[in-house]
Amino acid sequence: MNGFASTARLVVVGGMTSYRALFNWTTPSMYIGTLFASPLFQLLFFVYVGRGLGVAGDEFLIVGNAVLSCSVAGIFGGTMAIANERRYGTLGTVLLSPRSRAAIFLGRGLPYVLNGALVSVTMLGAAALLLGWRTPVDRLPALVLTTLVGAIACTAFGLTLGSVGLRLRDIWLVTNITSALMLLLTGVIVPSGELPALLRGIGSVLPLTHSVAAARHITDGDGFGAAGPDLLIEVGIAVAYTLIAVVLLRVFETEARRRAVLDAM
Amino acid sequence: MNARRSLPRRLPRLLAVGLRTHIVYLSRSPLEILVALIEPLIFATIAVYLFRAGDRPGELLSAAVGAGLMGIWASVLFGSGAAIQNQRWMGVLEPLAAAPVPLVLVFLPITLASAAVGAYALLATLIWGVLLFGVPLDFADPLAFVAAVPATVLSLGMVGLLLAASFVLLPNANALANSLSYPVWMMSGMLVPVDVLPAWSAPLSAALPSKWGADALRAAVTGGDAWPPILICLAVGLCYLVLGALMMTWVERRARDTATLALA
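Chains as they are written, first to last, in my numbering: chain A, 265 to 529; chain B, 5 to 268.
FYI, nobody ran anything at the bench for these hints, they're computed from the structure. Note that the Cβ used here is the ideal one computed from N, Cα and C, for glycine as well. Do not take every clue at face value.
Stated by the list, open to error - Just so you have them, the derived chain B footprint on chain A, three or more residues with Cβ under 8 Å: (1) 311-321; (2) 443-449.
Stated by the list, open to error - Taking CB as the label site, the calculated pair distances span: (3) ALA57/B x LEU378/A: 32 to 38 Å; (4) LEU437/A x VAL105/B: 51 to 57 Å; (5) LEU378/A x LEU247/B: 38 to 44 Å; (6) THR354/A x ARG32/B: 29 to 35 Å; (7) GLY489/A x LEU136/B: 37 to 43 Å; (8) GLU98/B x GLY267/A: 56 to 62 Å; (9) LEU141/B x LEU437/A: 29 to 35 Å; (10) THR264/B x PRO292/A: 23 to 29 Å; (11) ALA103/B x SER468/A: 55 to 61 Å.
What the hints assert, rightly or not - Not everything, but these chain A residues come out facing chain B in the computed CB check (under 10 Å): (12) MET294; (13) ILE453; (14) VAL454; (15) PRO455; (16) GLU458.
Work out the full structure: start from the sequences and follow the hints.
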């Protein structure tokens, strides 16, 4: 088998095996409750708050929350993909492998990308059923692509957090706080333009800010061309976080081998 | 022997000592307190922006109070929901069950403490609103506000008892807890009144003490008679206390019968 095919197999088969292993401890009800029910209630909450205050409009809040809903799978899944190896004491075994760390962990992120995009699309469908949200059918492919790009960026961000989790005692605190902050900083509820410059700056380098903007261009009927620049920036953010994750993994592994303190990583 | 006979006399002390112990225990970790405060502060910020955008600058205090109330519910949901599980993990569930007082009176202070600690969130969102957004603390009825906060905390603590007893029976209680924040925030009208919700949800809202607590706090902040909702909030909370006590007693008996206290 040539190198590319071997790496591709590692990414795909390794990722799917790892994703299946997730269901050793989670259950369908936990899975649906966390990934689908919670974002749906969040979407409904903000739509009704918007209606009660007469602000934003249903579509603004529906599209924003639907795109944001991919972050749970992406960020928490990406974090789990790395940090759980340390938590369950299997990190040493993984690091014994001669294979590329990047291929191993990026493969694990892959199912969460698809999972996140599926959640976002489901939220849009639920909004259509429950809240009467409508958009022309020809805009849907671009919208799905936008959620996919957002999910990739979130998963890359999650992998970065997971890498940091090799050093922190409790990465889940950071992940939970970051996840909550994204509600404020990514323009999902409050338009980015209304935030102070500092918060706007932080939001602009977080995943989803540009996906949400792109999705709004698409649903506003501005066309895919108008959404393109934001999507490109989001792809750039995904690439940047992926690189940061890979570099952090390399640095922490080298440091752990040098000091022979794998468990204290 | 006569421990149960003298219980009514010792009950206030038992509850007071338990409440104090668990409030101090839950307040020991500055990091956890900080984390518990961050989400309400984020919601307070979002609420202030939304209320401003909705041209309701006069109701900013209501937004800050609503966000704080959301924090109290989150604290009850995760603190009380895991109350029994936490005692089990710490290895003290068996001694607690073996104590001469009914188990329900051991757990009630824990759930009340989780609601009381949640009140930090209310304090934080008020301070946050004043310092960051210049929200004036001009309560329409300060006395009613001072009464409504402990009434709401107390009632939510009673709901917590039912959660504590129910969640121990559910293998996936965490998933349920994760999904229950937003529905209760929404059905209680913590940020906006429940009038905007579909009519079918009205009975569900009325069954939540947090709805009456939110009504009372809103009336105390913006004007209106806060006392009837305060009383209803306490009455509904008492119903949850009775249900929680019955459920806790049943759970304890079931665990003793099947010898699965450490597992059930």
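Status of the hints after comparison with the structure:
Coverage of the region 311-321 of chain A by chain B holds. Counting CB-CB distances below 8 Å, 9 residues qualify, and the rule asks for three or more. Counting residues of the region 443-449 of chain A whose C-beta sits closer than 8 Å to any C-beta of chain B gives 4, which meets the bar of three, so the coverage hint holds. Roughly 35 Å separates the CB atoms of ALA57/B and LEU378/A, a value that falls within the hinted 32 to 38 Å. In this structure, LEU437/A and VAL105/B break the distance hint of 51 to 57 Å, their C-beta atoms being roughly 35 Å apart.
In this structure the hint that LEU378/A and LEU247/B lie 38 to 44 Å apart at CB holds, the actual value being about 42 Å. Our hint of 29 to 35 Å for THR354/A and ARG32/B holds, since their Cβ atoms are close to 32 Å apart. As the Cβ distance of GLY489/A to LEU136/B is approximately 39 Å, the hint placing it in 37 to 43 Å holds. Our hint of 56 to 62 Å for GLU98/B and GLY267/A holds, since their Cβ atoms are close to 58 Å apart.
Roughly 31 Å separates the CB atoms of LEU141/B and LEU437/A, a value that falls within the hinted 29 to 35 Å. As the Cβ distance of THR264/B to PRO292/A is approximately 25 Å, the hint placing it in 23 to 29 Å holds. For the pair ALA103/B and SER468/A, the supplied restraint of 55 to 61 Å holds, since their beta-carbon distance comes to about 56 Å. Here the hint on MET294/A is kept, as its CB sits about 4 Å from the closest CB of chain B, short of 10 Å.
Proximity of ILE453/A to chain B holds as hinted, the smallest CB-CB distance being about 5 Å (cut-off 10 Å). Of the supplied interface hints, the one on VAL454/A holds, with its beta-carbon coming within about 4 Å of a beta-carbon of chain B, less than 10 Å. The restraint placing PRO455/A at the interface with chain B holds, with a minimum CB-CB distance near 9 Å, inside the 10 Å limit. Because the beta carbon of GLU458/A sits about 6 Å from the nearest beta carbon in chain B, less than 10 Å, this interface hint is met.
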